[in-house]
Amino acid sequence: MENKTFTISVYSENNVGLLNRISGIFLKRHINILSLNVSESEIENVSRFIIVVDTTEKWVKNIVGQIEKQIEVIKAFYHVDEETIFLESALFKIQSNLLFDERQIQNIIKESHSEIVTVSRDFFVISKSGKRSEIEELHAKLKPFGIMQFVRSGRISVSKSKMEISTLLVDLK
Amino acid sequence: MKITGAEAVIRCLLAEGVDLVYGYPGGAIMPVYDELYKFQDQLHHVLVRHEQGAAHAAQGFARATGKVGVAIATSGPGATNLVTGIADAQIDSTPLVCITGQVGKHLLGSDAFQETDIIGISTPVTKWNYQITEAHEIPEIIAKAFYIARSGRPGPVLIDITKNAQFDELDFCYEKCTSIRSYHPKPVLNLQKVQEAANIINNAKKPYIIFGQGVILSEAEEQLKALVEKSGIPAAWTILGLSALPTNHPLNVGMVGMHGNYGPNVLTNECDVLIALGMRFDDRVTGNLATYAKQAKVIHFEIDPAEIDKNVKTEVAVLADIKEALTALIPLIDKKSHDSWHNEFKEKYEIELDAVINEELAPTNGKGISMGETIEMINKHSNGDAIMVSDVGQHQMFACRYAKFNTTKSNVTSGGLGTMGFALPAAIGAKMGMPEREVVAIIGDGGFQMNIQELGTINQTKVPVKIVVLNNEFLGMVRQWQELFFDNRYASTVMVNPNFCAIAEGYYIKAKKVTQREDLDAAVAEMMASKDSYFLEVMVEKENNVFPMIPTGASVSEMRLS
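So the sequences go chain by chain: A and B. For the first sequence, the residue numbers in full-length UniProt numbering are 1 to 173. For the second sequence, the residue numbers in full-length UniProt numbering are 1 to 562.
Chain A extracted, bound-state conformation (with noise of 0.2 Å):
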C-alpha cells in the first residue's frame, strides 16, 4: 500500500495531558507527524486537532482507531486531500529599505495574493494564507532579497463531507 497525505481530525474534550497522549500514538508506531494545529471547534468546549501524517491507509486507519480509543477523543476522521478544503499560513519578515529599492518586491506581493500586514523603520511583515505550495513559492521568490524570519503554520483544514459531531453529543447526553 502506498503512502499518502492524510489529514485526521480529531474533536476532543479539552483537556490537560490529551495532545500528549494523541502524540504518543504516533510515536509509538514511529510515525512523524508532518504538521499539527489544535484550536476551538464549532462546538463549545471541544477542541478540534488537525493532524497531518504520511503513510498508507492501512496505518491510517490504525492510528485513528487509537486515537478514538481515548476516553477524552470524542471522535476522529481522516480525510486524503481531495476531500478537504485546507490552507496554511506564513509570515515573512524583510527588512524595510528592500521595499523601496527592490521595486519588485511589491509587485511579487500583489501577484501572490499576499498582504503587507506591518511596516516598520526596520522591517515589514508579509503574511500569506494559501496551499503549500504556493506559499512555498512566494518563499522562492522572496529568498533572494534576504528574509529575516519565517514562519509556516500547521494546516487547518475543514471536510467537504459532514462531520456530526453535534448530533453525537447531543445523543450522549
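Hint data in this document are derived by calculation from the structure and do not stem from the laboratory.
Coverage of chain A stretches by chain B, computed from C-beta distances (three or more under 8 Å per stretch; other residues unrestricted):
hint, region
1, 10 to 20
2, 57 to 69
No more than 27 Å apart at the CA atoms, straight line, and that leaves these computed lysine-lysine pairs for DSSO-like:
hint, chain 1, residue 1, chain 2, residue 2
3, B, Lys313, A, Lys58
4, A, Lys58, B, Lys294
5, B, Lys310, A, Lys28
6, B, Lys186, B, Lys313
For every residue, glycine included, the Cβ atom is placed at its ideal position computed from N, Cα and C.
Let chain A serve as the given structure and place chain B on it in line with the hints.
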C-alpha cells in the same frame, strides 16, 4: 461534611466496594496512609516489599476476582516502580486503579525531592490518567477512574494526587460515575451483524472457534459453552482465554499460538470459518500474518473497535460485549456436530502425543524431572480446581499447555507483556482475592529472583500461597532460542543460583527441594495439603525445550514438533 482530601480518597475507595489495597508508603502519600491507619478495620492495606509487587498483586487480585485491583505508591520512585505492572495490565486488559502521591502543587515542575512526571511517564501504558491538584476534584476523578478501569475493554488508570490536595479540605459527596460523554465503552449490538455471522456459521463445513480473555472479562463462559455444544464447533484458546472453557470439555481442542497445540495451529489454515471471540490476533497467536487463515472467512466478536481489522481482515465484525453478542447468537445457530472435522483435531493430537507430550509427561532415557510432569503432578493433587499463576518463560508455556482447569479465572499469567517477576506477587493478590481457592504459583529460577522480595509480604501477611520454582539453572526460554537459532551460544543465560529453600526458610516459609522423580508425588501432595504457604523447588532437566513451536515469522501451518 468537610473532610481532608486524604480521607476523601479512602471514602471513595470504600464507596467503590474496595476492601483490600496493595501499596508502599512514602513522603508524598503520607496523608493517605494516615487515613489508611484510621480506616484499617474497613480497608485492609497490604504492605508489599517493592511497588512493582503492589501493581502485580493488584493484577492477580483483579484477574482472579474480576474486580478492580488497587495499588498505592508515593511519588518519584514509588510511582515509577509501578510502571511495569501498569504496562502489563494495559496489554492484558486488567482493571487497575493506581493512586500515586505527588509533590505539592506549588512545587510541580521544580525538580522537587521525589518529583517525577508520572502522568507523562504513564500516559502510553494507561487507559486513562489524571493529576489531581485540588482536593475538591477527588470524588469525581476517583469515580471516573473506577468506571473507566472496569468498563468496556478494562485497563489500568493512574491517579496522581498532589500533597496539598491530600491535606486540603472539601465538601465530600460521592456519586458513582456511569457515563462520560466522550467515552462509549459498550458498543450497541448490531443484530444484523449477528444474523450475518450466524448464516456463515450455519453454512460452514469446517468452522473453528478461538476464544480469548474477552470471554472471561465479560463473564460469558456459560454462553461460550452453550455455543460450542449447540454448534458442535471445536474450540481453542489463547493463553489468556485459558480456563474460560473447562480443559476436559470434549470440544476444547487446546491452545493456539507459538507453543500451543499442534492441531489448533495447523488447522487454523484449514478451517473455512474462523470465529474469534474476544481475542486480538496477537503476533504470538498468528505467526506470519500473510499466511494466517487466508482460506477462512473470519468472524470477529470484539468489544474494542480498534481491534477490528487491526491484524486480520474480517468478513463480519460483531462489535459488542461478548456475553450480549453470544446470547443473541446462540438461538440463531443450528444444532449440529462436526465429527469428521473434530476428528482432524484428534488425529493431530495423536501426532503431538507421540512426538512431544508422552515424552514430556513421562521422560525416558534416564532424563531428569520435566516441567510438564511437575505440572501434571500438580493437576493430580489439585484436581484442576486450583488457580495457577505462572511467570514468564518455558515453565509458563508448560504450565499453560498441561494445566487442567475446571473453572474460569483460574489461569493468571503475564501474556502480552511477558513480565518476568509477575507470578509471585500476582499469586499473593489472587489468593487474597479468592481465599477459599488453592493458589499455586509456577515460577522459573530466573523470574523468581525478579520479585523474590515479595516472600516478605507472604511472611508478614501469612497468605497461604503455594510456590513452585522449576529450577533448570538457566534462563530457559532464551537458552532454547540460543540453542535453536544462535548456534548454542549461551550468552548470559546460565544462572548460578542461591539456596532457594534457605531463602524461603529465612522468611519462615516451609520449604522443600525435590531432585528425584520418586520424591515428586509426595512433595506435591505435602505442599497441596499445607494450610500455610509452602515453597517447593523442583530441580528439572536443564536443557529441555518447549515444543511444538512456531518459529518467529513462520506460518501456523509450519509448526515444528521438534
